[in-house]
Amino acid sequence: MQRARLTRYGLLSVTGSDARAFLHAQLTNDIENLPAERWALAGWCSAKGRLLASFLVIPSPDGFLLQLARDLAAPVAKRLSMFVLRAKVKIADESDAWAQFGVWDADYEPRDVAWRGNIATVRVGERRFLELGPTAELKEPATADEVQWTLQEIRTGRPLITRATQDQFVPQMVNFEALGGVDFRKGCYPGQEIVARAQYRGQVKRRMVHARAPAGIALQPGQEFNGGTVVDVAPTEEGAELLAVLPI
576 MQRARLTRYG
586 LLSVTGSDAR
596 AFLHAQLTND
606 IENLPAERWA
616 LAGWCSAKGR
626 LLASFLVIPS
636 PDGFLLQLAR
646 DLAAPVAKRL
656 SMFVLRAKVK
666 IADESDAWAQ
676 FGVWDADYEP
686 RDVAWRGNIA
696 TVRVGERRFL
706 ELGPTAELKE
716 PATADEVQWT
726 LQEIRTGRPL
736 ITRATQDQFV
746 PQMVNFEALG
756 GVDFRKGCYP
766 GQEIVARAQY
776 RGQVKRRMVH
786 ARAPAGIALQ
796 PGQEFNGGTV
806 VDVAPTEEGA
816 ELLAVLPI
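Those letters in the sequence shown? Residues 576 to 823, per the numbering used here, in order.
These are computed hints drawn from the structure, not numbers from a lab. Idealized CB from N, CA, C, for every residue including glycine. Be careful, since some hints might not be right.
[Said to hold, decoys possible] Cut-off 27 angstroms, straight-line C-alpha distance, at most; resulting in silico cross-link-like pairs (DSS-like, lysine-lysine):
id : residue 1 : residue 2
1  : Lys761    : Lys623
2  : Lys653    : Lys780
3  : Lys761    : Lys780
4  : Lys653    : Lys623
5  : Lys665    : Lys623
6  : Lys653    : Lys665
7  : Lys665    : Lys761
8  : Lys780    : Lys623
9  : Lys780    : Lys663
10 : Lys663    : Lys653
[As the list claims (entries may be wrong)] Computed beta-carbon distance windows for the label pairs:
id : residue 1 : residue 2 : range
11 : Gln723    : Pro610    : 27 to 33 angstroms
12 : Ile823    : Gly755    : 20 to 26 angstroms
13 : Asp720    : Gly791    : 18 to 24 angstroms
14 : Arg760    : Gly700    : 23 to 29 angstroms
15 : Asp605    : Asp720    : 31 to 37 angstroms
16 : Glu812    : Glu768    : 42 to 48 angstroms
17 : Glu768    : Asp720    : 41 to 47 angstroms
Generate coordinates for the entire structure from the input sequences, incorporating the hints supplied.
Here it is in structure tokens:
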């Protein structure tokens with residue numbers, strides 16, 4: 576079993592009696608019917624249908640945890656709070672208070688989301704898990720580098736929207752609908768009409784692909800690559816592997 580401390584992710588908590596309905600109205604996926612033992616990939620879009628953040632939505636005993644890019648945690652928490660209005664919802668940035676680990680080659684229980692007190696274990700792939708918990712309680716040492724986890728996420732094809740790529744892609748450009756991150760049967764959410772139009776009118780002209788770059792080429796999210804845009808990248812012995820949105 577390998578464990579890597581994850582520092583590139585932030586974490587928001589969304590609590591209150593209206594938390595489920597609030598997230599359902601804001602995100603691209605069906606949160607209203609999300610079971611307590613399941614997680615969901617979801618996006619938060621601008622009015623123009625472009626992704627402002629990508630979330631792993633994890634039900635918690637008090638509401639929900641939203642895993643997102645660390646550099647977006649504070650601004651997204653602030654902007655998302657503007658839409659609370661009179662709803663009974665509290666949004667807090669827990670990025671500094673909670674520790675996050677990626678665990679692989681592990682034989683944890685097979686449930687998608689399991690809580691042991693304040694610590695959550697989230698199955699995100701075959702023998703691959705996230706561990707989330709208050710920093711004071713989750714103290715097991717890391718045995719691997721975070722780059723190894725990032726590389727696995729890239730090979731899985733799961734995009735992470737960061738500050739460098741925020742507000743650039745409609746969900747389909749990063750294959751969100753293929754990953755189950757968009758529910759086209761649910762009600763309205765910000766940008767919903769544009770996202771639906773792109774789906775049913777075939778207006779998506781760019782798509783995210785897995786690619787490799789040779790050694791000596793320095794790449795980072797938001798950078799141009801072969802006529803497209805880098806979404807995520809991790810170094811390898813041969814160079815780098817990346818997810819990039821390219822013209823079809």
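Check your understanding: Hint by hint, which ones does the structure fall short of?
Key -> Hint check: 2, 9 fail, others pass.
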